[in-house]
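Number of protein chains: 2
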Amino acid sequence: MAFDTLKTPYGERQKILGGAATYFSLSASYFADVRVVAVVGGDFTAENEAVMNNRGIDTRGIEHAKGKTFHWSGEYGENVNEAKTLNTELNVFENFEPHIPAEYADSDFLFLANIDPILQTRVRDAMQSVKLVGGDTMNYWISGHAQNLEKMLQRVDVLLINDTEAKMLAGDNSLPRAARKVLQRGPRALVIKHGEYGATIFFRDGEFTGGHHPFRAPALPLDEVRDPTGAGDSFAGGFMGYIASQGEVNRRVLKHAMFYGSVMGSFSVERFGTERLQSLTRNEIDERFEVFRELTHLD
Amino acid sequence: MAFDTLKTPYGERQKILGGAATYFSLSASYFADVRVVAVVGGDFTAENEAVMNNRGIDTRGIEHAKGKTFHWSGEYGENVNEAKTLNTELNVFENFEPHIPAEYADSDFLFLANIDPILQTRVRDAMQSVKLVGGDTMNYWISGHAQNLEKMLQRVDVLLINDTEAKMLAGDNSLPRAARKVLQRGPRALVIKHGEYGATIFFRDGEFTGGHHPFRAPALPLDEVRDPTGAGDSFAGGFMGYIASQGEVNRRVLKHAMFYGSVMGSFSVERFGTERLQSLTRNEIDERFEVFRELTHLD
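These protein sequences, in sequence, are chains A and B.
Position one of the first sequence corresponds to residue 315 (this note's numbering), numbered consecutively onward.
Position one of the second sequence corresponds to residue 315 (this note's numbering), numbered consecutively onward.
Note that these hints are calculated values from the structure, not bench results.
Keep in mind it's a predicted model, so treat the numbers as computed, not measured.
Watch out, some of these pointers could steer you wrong.
Where chains are identical, the list cannot tell them apart; a pair therefore holds if satisfied intra-copy or between any two copies.
Using 20 Å as the maximum straight-line C-alpha spacing, the simulated SDA-like pairs for lysine to any residue come out as follows [as the list claims (entries may be wrong)]:
| no. | residue 1 | residue 2 |
| --- | --- | --- |
| 1 | K380 | K495 |
| 2 | K398 | H413 |
| 3 | K481 | G509 |
| 4 | K382 | G356 |
| 5 | K481 | R499 |
If we strip away everything but chain A, and leave its shape as in the complex, we get (with noise of 0.2 Å):
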């Protein structure tokens, strides 16, 4: 969890709530009853705890550190695909060390927002009872710590990235090529997101039943996109928390969620931070996927 101070072409905002366990928690729990683990500072109020809180999830797994919140302070331009870090102040994420409450113990769906691919591990074998892992990285954990990263992948059923990392990840330029890569190394699905282009997901071979091709969602062409922070989390957490809604996991439901997922950061970027995922309804949100339904199906 973070506090994001951010310039967009559409204005500025000082140390919101964000980061992408607040971004991710938010969305699935649309879909699913959430627990969250994360670590903040004396500086993240009852009020930002309440904004989870309000919307059913559990926030027993937040530890509150002594110290100031992870803080992130960016911008984008005119390309929203591309944001450009000012500053990272890690805080009192720096010596984070994830501790699952006894109480999420029980928990059926594990997803490994980004972060140093040890603690991912860590986490991962400590949930011994999950149906389905996701997982997400970036590239400073790609370049810089490739050996840990190589361990995390044998333990994630379901990588999320997008086109850079995937195709630095497989040291491969061509996408449907890295994807298989990838998938060789571990994950039994990959989910590579194109921005405002949608997103793929690639089968391992045998992986998952009905279906041998691959599948994409769209992005829905948005006239405004105000904010793109955390639409990679809000995509994740439309994912997973529509995958924890069904009653088993095959292609149909990873490509429903596929489109839940875009769903969800369409929401996402329409406002600032985490306005929009805090006051959504069900309905909104099955009248947006209809949206996508119409934007991608032939009659």
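Given the structure of chain A, go ahead and fit chain B onto it with the hints provided.
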């Protein structure tokens, strides 16, 4: 029509048959009768023309001028979306004045490939009986021939351009906003091609019946793009050819045409030059259409 000398990560070719009219015509020939208007030089052989005639294309509109055929040289790096032009010899194309054979006068559909917008407008005005006009353009005309291009925009029904061209034409970095601005200047629909991410069609309000939303067709995630040359023109050929094969032009037909355009683009780039487009069967096209459907459609 042109000769292309090109190099890609998969090999190189000297002076192979190319050009927008060639790719478009071959692609469209799988859906409808095609009549081509173009200029070639003395180096254009009977064998070159036979490639078109073998696909049933009416080549009476090909003018054989004194001099050499247009010759483009270029190369593609690992990023196949970007061609690096090494040399362009306009040759007979420099003073090309399209002449429409009398036998072509009853054509129902017209596609204006990328050329001086003055010539595009002139050809369009000469074809009074057409039901639907498609058109292409490029950065060179957008930045340097704006007034002439504006007149051409008022005379096309569907404009097909890529992301960069759309943003430049509208002076807007948001694709949906750029689309709306372009649609206010003439075309009833705008197809924006996203390369490996597919293409989106935007409709002007009230134009073509059936549905309000834009529509996105995917591109096929291909392991090996051997030669991206002509992908856009092959898309346009499949798009216009499919439309021409249908009884009427509505949004349903245009959406299917988006898929057929993507299908033909995906075939084109599998081999060098027009090789793949010369030897397809309608059955292969329909099979790939189903792959595209699986790639995007939920059960």
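Against the structure, the hints come out as follows:
no.	hint	result
1	K380 <-> K495	neither (42 Å within a copy, 53 Å between copies)
2	K398 <-> H413	neither (32 Å within a copy, 53 Å between copies)
3	K481 <-> G509	both (15 Å within a copy, 17 Å between copies)
4	K382 <-> G356	within (6 Å within a copy, 76 Å between copies)
5	K481 <-> R499	within (14 Å within a copy, 39 Å between copies)
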